[in-house]
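Chemist: Take a look at the letters that make up each chain.
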Amino acid sequence: MTLTFVLSLLAAALVGGIVGSLLGLGGGIIVVPVYTVVFRLPAQVAVGTSLVAVVANAAAASTVYLKSRVVNLRLALLLATITALGSLIGGIIGTSVGGPWLVGTFGVMLVGVGVLMLVQPETSARRSPAGGAAALDAVPGSAQEPAAAFGPAGAPGSAPALGSPPGPGSAPKPAPAEANLAAEYYDPAAKKTVAYQPRRVTPGLALSFVAGNLSGMLGIGGGVIQVPVMNLLFGMPIKASTATSSHIISLTAMAGAVVYLARGFIDPVTTAITVVGVYLGARLGARLNQVLPSNIVKRVFSLVLFYMAARMLAQAWGLPFLS
Amino acid sequence: MDNLAYDRIASALRWGVVIGVVFIVGGLGIFFLKGAGASPPSSNLAEGLAGLVRFDPGALILVGIIVVLALPVVQALLAAATYRELGNRRYTLVSLGVFVIQMIALAVAWLK
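From first to last, the protein sequence lines stand for chains A and B.
Going left to right, the first sequence walks through residues 1 to 323 as the working numbering numbers them.
Going left to right, the second sequence walks through residues 1 to 112 as the working numbering numbers them.
Just so you know, the hints here were simulated from the structure itself, not pulled from any lab data.
Among the clues, some could well be false.
[Claimed, not checked] Simulated restraints, written as ranges between beta carbons of each label pair: (1) VAL25(B) - VAL115(A): 36 to 46 Å; (2) GLY29(B) - SER8(A): 10 to 20 Å; (3) ARG54(B) - ALA190(A): 35 to 45 Å; (4) ALA182(A) - PHE32(B): 13 to 23 Å.
Every residue gets a Cβ at the ideal spot worked out from N, C-alpha and C, and that includes glycine.
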């Protein structure tokens, strides 16, 4: 391993952390394609490496979210059972299929995420003064979490957005099993205690399985699915959705990661560089997130995602151009 | 309220992350200091950990990775123990459910 290669890896992980943070999608969304397309690492090594970084970042973020009580611990544990199962199955699929299949699947996922980024409406919470983030800014390794873990600028989100808790009388009565999931936390930005009652949790279980599955198979956080599910389906405030998603991932991504570790797909030095690079990049991205125009950032990087997707699909299909 | 569970898990995560990162960064530092003298780290877990007695950088990094990946298991066990202490049977069982799936993942991972 030459110094140039090491520095290139570190730079890629750093950029992955920054961009993933700016996009609100976590470092894996950039690290995995760059490692496979640019550095020509085996797809399984790239995914396994990314998963360890996901676990480390989510765990670091969860310490602060737990301290501030923004995590809904009961809901996290409930969803973690099914998400961990999805992550395990995703890990088995990811380590069993051929590299081209994995690269191709990731390419298809990138196209989907790129389209979502282009059509997703901007929300007011994203650029809130205390570092709050919109739904998709909630993925482990993304802008909010590391900053939240280690700096005041990233105190866990600040403003309920898409899924602000329904007012009294406006929502259906929770099912008996959901009643004990009610929670509250103090929002320092709004200077008030926010109380909410998650609803429609049962249908969300299936989506949690999908989130875990994608995480284990592709080395991404899974928050891209979990956060909107909690925010839009369960009716939870965005901050609680973000924190709870992060905590679920800190509990479940290991189920996929150990499969890659046991099967020899985790290279220690590459992983160490990635963990450090993505972490530092995510912190930097959290700061940049406050000053860059998010709509433009999203549009520009959606083009980057489409380009990476094209290269991954070309590599998967063995096409000479782009790959 | 579940404050006890929140505090215990947060403390465990904080220390776990610190310990894991110390091993990872320490191993990476030794790897670069040794330069050309460093043996290429093994991605095989048993081989990699065997290098721990030689203070091998790859082994140190692997220990850090294992510490990080062990944190979810510690979390689930702590949650189960705390909810049991609080007399909450439902979430003791849910936490144990998470732990059982994590153990299944470990068992499946090492099945060749």
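Chemist: Against this structure, judge whether each hint is valid.
Modeler: Hints versus structure:
1. VAL25(B) - VAL115(A): 36 to 46 Å: With Cβ atoms ~38 Å apart, the hint holds.
2. GLY29(B) - SER8(A): 10 to 20 Å: 19 Å, holds
3. ARG54(B) - ALA190(A): 35 to 45 Å: With a Cβ separation near 55 Å, ARG54(B) and ALA190(A) fall outside 35 to 45 Å, so the hint is violated.
4. ALA182(A) - PHE32(B): 13 to 23 Å: 51 Å, violated
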